[in-house]
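Student: Given these sequences and hints, build the entire structure.
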Amino acid sequence: MIKLYDHIMSGNCYKVRLALSQLGIRYEKVNVDIFKGEQSRPEFVLLNPNKKIPVLVDGDCVLWESNAILLYLGRKFAPNHLYSEDPRIFGLISQWLFFGKTTIDPSLARARFITRFVPKESQDKRELTTLREAGRAALQILDDYLNKNDFLAGSYSIADIGCYAYVHIAEEGGIGLSLFPAVKDWCDRIRSQPGYVSMY
Numbered sequence: 006m007i008k009l010y011d012h013i014m015s016g017n018c019y020k021v022r023l024a025l026s027q028l029g030i031r032y033e034k035v036n037v038d039i040f041k042g043e044q045s046r047p048e049f050v051l052l053n054p055n056k057k058i059p060v061l062v063d064g065d066c067v068l069w070e071s072n073a074i075l076l077y078l079g080r081k082f083a084p085n086h087l088y089s090e091d092p093r094i095f096g097l098i099s100q101w102l103f104f105g106k107t108t109i110d111p112s113l114a115r116a117r118f119i120t121r122f123v124p125k126e127s128q129d130k131r132e133l134t135t136l137r138e139a140g141r142a143a144l145q146i147l148d149d150y151l152n153k154n155d156f157l158a159g160s161y162s163i164a165d166i167g168c169y170a171y172v173h174i175a176e177e178g179g180i181g182l183s184l185f186p187a188v189k190d191w192c193d194r195i196r197s198q199p200g201y202v203s204m205y
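Each residue of the sequence shown is one higher than the one before, counting from 6 in our numbering.
If you're looking for bench data, these hints aren't it; they were derived computationally from the structure. Given the structure is predicted, the values throughout are model-derived calculations rather than measurements. Incorrect hints may appear among the rest.
[To be verified] Simulated pairs of lysine-lysine, DSBU-like, Cα-Cα distance not exceeding 30 Å: (1) Lys106 / Lys153; (2) Lys130 / Lys153; (3) Lys57 / Lys8; (4) Lys41 / Lys56; (5) Lys8 / Lys56; (6) Lys81 / Lys106; (7) Lys106 / Lys41; (8) Lys125 / Lys81; (9) Lys41 / Lys57; (10) Lys34 / Lys57; (11) Lys34 / Lys56; (12) Lys57 / Lys125.
Tutor: Here's what the structure looks like:
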C-alpha cells in the first residue's frame with residue numbers, strides 16, 4: 006500500500022491527499038510533526054535528504070516534491086480524469102504546476118507561515134508586505150486566466166490541485182481573495198469535484 010508522510014497543516018501534503026482521494030487510492034498516512042523537528046530524524050532523512058514533507062513511498066519508489074508526486078500519481082493510475090497524455094494538455098498541466106511552485110507557493114505559503122506561525126513581535130513586516138504584493142500579483146495572473154477558463158488545463162486536473170492548495174488559504178497569510186472573483190469561483194468549482202476533501 007502507498008504510504009504518505011504527511012502533516013495536516015502542510016499545503017504541499019494537502020495537494021497529495023486531495024489527489025489520492027479524487028483518484029480513489031487507498032493509502033497509509035504517517036504523521037511527521039514538523040513543529041517538533043521530526044523531519045530531521047535520521048530515518049526520515051533517509052527518505053528525503055531535503056528534510057521536507059510530503060514523501061510518498063510506493064513499494065521501492067520513494068518520491069518527494071509535491072508536484073512531482075502529483076505527476077507520478079496521475080501517470081501511474083492513468084487513464085484518469087486528473088491527468089492527460091495529450092501533449093498540449095500535458096504541457097498546460099506542467100506549465101501551471103511549475104507556475105504554482107515558482108510563483109504562487111513562494112509568496113502565499115511564506116506569507117501564511119509568517120502570519121500564522123511566527124510570533125507577531127518576530128515578524129518581518131517588510132518581508133510580509135513584499136510577499137503579499139507578490140501573492141496578489143500571482144493571483145491576478147490566475148484570475149485573468151480563469152476569467153476565460155473554468156480550469157487550468159481544459160478540464161479539472163492535477164494542475165488545479167497543485168495551485169489550489171495555497172490559493173484557497175491565501176487569507177491565512179493576509180491576502181484576501183475578494184479582489185479575485187474568478188479565483189474564488191474556481192475554488193468553488195474545485196470544492197464541488199467528486200472525492201474532494203478539505204485541508205483541515
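Student: So, for every hint listed, does it hold in this structure?
Tutor: Structure-based check of each hint:
no.	hint	result
1	Lys106 / Lys153	holds, 23 Å
2	Lys130 / Lys153	violated, 35 Å
3	Lys57 / Lys8	holds, 15 Å
4	Lys41 / Lys56	holds, 13 Å
5	Lys8 / Lys56	holds, 17 Å
6	Lys81 / Lys106	holds, 22 Å
7	Lys106 / Lys41	holds, 25 Å
8	Lys125 / Lys81	violated, 44 Å
9	Lys41 / Lys57	holds, 13 Å
10	Lys34 / Lys57	holds, 15 Å
11	Lys34 / Lys56	holds, 17 Å
12	Lys57 / Lys125	holds, 25 Å
Violated hints, in rising order: 2 and 8; the structure is consistent with all others.
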